[in-house]
Amino acid sequence: MTTVTLAGTPVEVDPEGFLEKPEQWTKEMGEEIARSAGIEKLTERHWQVIDFMRKTYLDTGSAPSMRALGKTSGVAIKELYELFPKGPAKLAAKIGGIPKPRGCV
Amino acid sequence: MADSIEKVSIVVSKGSLEGVYPGLIMANGARMEGIEASLFFTFFGLDVIREDRIDKIKVGTVGNPGMHMPTWIGAIPGMSWIATKMMSRQMDKIDIPPVREFVEMISDSGGKLYACQATVDMYGLTMDDFIPQVEKVLTVGEFYELSAGGEIIFT
Numbered sequence: 001m002t003t004v005t006l007a008g009t010p011v012e013v014d015p016e017g018f019l020e021k022p023e024q025w026t027k028e029m030g031e032e033i034a035r036s037a038g039i040e041k042l043t044e045r046h047w048q049v050i051d052f053m054r055k056t057y058l059d060t061g062s063a064p065s066m067r068a069l070g071k072t073s074g075v076a077i078k079e080l081y082e083l084f085p086k087g088p089a090k091l092a093a094k095i096g097g098i099p100k101p102r103g104c105v
Numbered sequence: 106m107a108d109s110i111e112k113v114s115i116v117v118s119k120g121s122l123e124g125v126y127p128g129l130i131m132a133n134g135a136r137m138e139g140i141e142a143s144l145f146f147t148f149f150g151l152d153v154i155r156e157d158r159i160d161k162i163k164v165g166t167v168g169n170p171g172m173h174m175p176t177w178i179g180a181i182p183g184m185s186w187i188a189t190k191m192m193s194r195q196m197d198k199i200d201i202p203p204v205r206e207f208v209e210m211i212s213d214s215g216g217k218l219y220a221c222q223a224t225v226d227m228y229g230l231t232m233d234d235f236i237p238q239v240e241k242v243l244t245v246g247e248f249y250e251l252s253a254g255g256e257i258i259f260t
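Order-wise, the sequence lines are chains G and Z.
Position one of the first sequence corresponds to residue 1 (our numbering), numbered consecutively onward.
Position one of the second sequence corresponds to residue 106 (our numbering), numbered consecutively onward.
Watch out, some of these pointers could steer you wrong.
If we take Cβ atoms under 8 angstroms as the criterion, some of the chain Z residues that face chain G in the derived model are [stated by the list, open to error]:
id : residue
1  : Ile130
2  : Asn133
3  : Gly134
4  : Glu138
5  : Gly171
6  : Asp200
7  : Pro202
8  : Asp213
9  : Ser214
Derived SDA-like pairs: lysine to any residue, alpha-carbon spacing no greater than 25 angstroms straight-line [claimed, not checked]:
id : chain 1 : residue 1 : chain 2 : residue 2
10 : G       : Lys78     : Z       : Asp200
11 : Z       : Lys119    : Z       : Phe148
12 : Z       : Lys112    : G       : Trp47
13 : G       : Lys71     : Z       : Ser193
14 : Z       : Lys198    : Z       : Glu138
15 : G       : Lys78     : Z       : Ile110
16 : G       : Lys71     : Z       : Gly215
FRET-style restraints, in silico, Cβ to Cβ [unchecked claim]:
id : chain 1 : residue 1 : chain 2 : residue 2 : range
17 : G       : Gln48     : Z       : Asp197    : 21 to 27 angstroms
18 : G       : Ala76     : Z       : Lys241    : 23 to 29 angstroms
19 : G       : Arg45     : Z       : Gly246    : 39 to 45 angstroms
By construction, these hints were calculated from the structure, which means they are not laboratory data.
These figures come from a predicted structure and were not determined experimentally.
By construction, the Cβ of each residue, glycine as well, lies at the ideal position given by its N, Cα and C atoms.
Assemble the whole structure, with the sequences as input and the hints as a guide.
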């Protein structure tokens, strides 16, 4: 486990930079993670996806599948990839401070 | 980053449900990781992009040792239909969509779909026979050109 400083606070992350403890997360940390992943400014649409990912994880214990994300987050697959070109589920989870999604779809 | 895959080209050559899903799952999974993905449909795999066949793809129940049933049972009329229903239900439970929805999903996520020239010629098909997500018909040579610098996966 590695400790990094995000938005001025030390947090524990896995080797890929996903937060180990979702409760340590703040919005400011999310913005910092997004910037280091190449997303300069998180828009309202980004946040809709990030919040949905985070809420689903906190409610159910696992992140939604790509199919569920496209169907129920309110952002369709095409736009998801425009917002997060390097992988919507993976990136939104990272920015939202939850573990890397484990699903195959 | 020499130790990461940046691009994959997946060949789908089978026309059974269990034959087409692995390629679709791998293509979608590649896009989920931000990996560039192309699907090349050849021989019976072409059924996946044929408008008249995409919704009729079935599990092979005859001569399929993986079914763990005697071949004569698999040959009973309706058996393939039943097996397909059962497998589809199981897959839906783990959020794997039906073939048509899956292909749309892959296309929307930026994955590219191509048809094999030789097979298209063999069946006498045109672009009109395909679902709208199909990019174009490619020769093997064009497929290799397009796959340059990436990994090729045959299924």
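The hints, checked one at a time:
1. Nearest Cβ of chain G to the Cβ of Z:Ile130: about 6 angstroms, under the 8 angstroms cut. The hint holds.
2. For the restraint placing Z:Asn133 at the interface with chain G, the shortest Cβ-Cβ distance is roughly 6 angstroms, inside the 8 angstroms limit, so the hint holds.
3. Interface restraint check: Z:Gly134 against chain G, minimum CB-CB distance 6 angstroms, threshold 8 angstroms, status holds.
4. At a threshold of 8 angstroms, the smallest CB-CB gap from Z:Glu138 to chain G is about 5 angstroms, leaving the interface hint in force.
5. Restraint check, Z:Gly171 versus chain G: the minimum CB separation of about 19 angstroms is more than 8 angstroms; hint violated.
6. Hint on Z:Asp200 holds. Least Cβ distance to chain G is approximately 4 angstroms, under the 8 angstroms limit.
7. Satisfaction of the interface hint for Z:Pro202 is found here, the shortest Cβ-Cβ separation to chain G being roughly 6 angstroms, below the 8 angstroms cut-off.
8. The restraint placing Z:Asp213 at the interface with chain G holds, with a minimum CB-CB distance near 4 angstroms, inside the 8 angstroms limit.
9. A hinted interface residue such as Z:Ser214 counts as satisfied when its beta carbon comes closer than 8 angstroms to some beta carbon of chain G; here the least separation is about 5 angstroms, so the hint holds.
10. Of the supplied pair hints, the one linking G:Lys78 and Z:Asp200 holds, its CA atoms being roughly 18 angstroms apart against a limit of 25 angstroms.
11. The suggested pairing of Z:Lys119 with Z:Phe148 holds, with an alpha-carbon distance near 7 angstroms, which does not exceed 25 angstroms.
12. For the suggested pair Z:Lys112 and G:Trp47, the alpha carbons sit about 28 angstroms apart, so the restraint of at most 25 angstroms is broken.
13. About 19 angstroms separates the Cα atoms of G:Lys71 and Z:Ser193, which keeps this hinted pair within 25 angstroms; it holds.
14. Between the alpha carbons of Z:Lys198 and Z:Glu138 the distance comes to roughly 22 angstroms, so the proposed pair stays at or under 25 angstroms and holds.
15. Distance check on the hinted pair: G:Lys78 and Z:Ile110 sit about 22 angstroms apart at the alpha-carbon level, within 25 angstroms; holds.
16. Proximity of G:Lys71 to Z:Gly215 is assessed by CA-CA distance (about 17 angstroms); at most 25 angstroms being required, the pair is judged to hold.
17. The given range of 21 to 27 angstroms is respected by G:Gln48 and Z:Asp197, whose C-beta atoms sit roughly 26 angstroms from each other.
18. Here the CB-CB span from G:Ala76 to Z:Lys241 is close to 24 angstroms, well matched to the stated 23 to 29 angstroms.
19. Range check, G:Arg45 to Z:Gly246: about 41 angstroms between beta-carbon atoms, so the 39 to 45 angstroms window is met.
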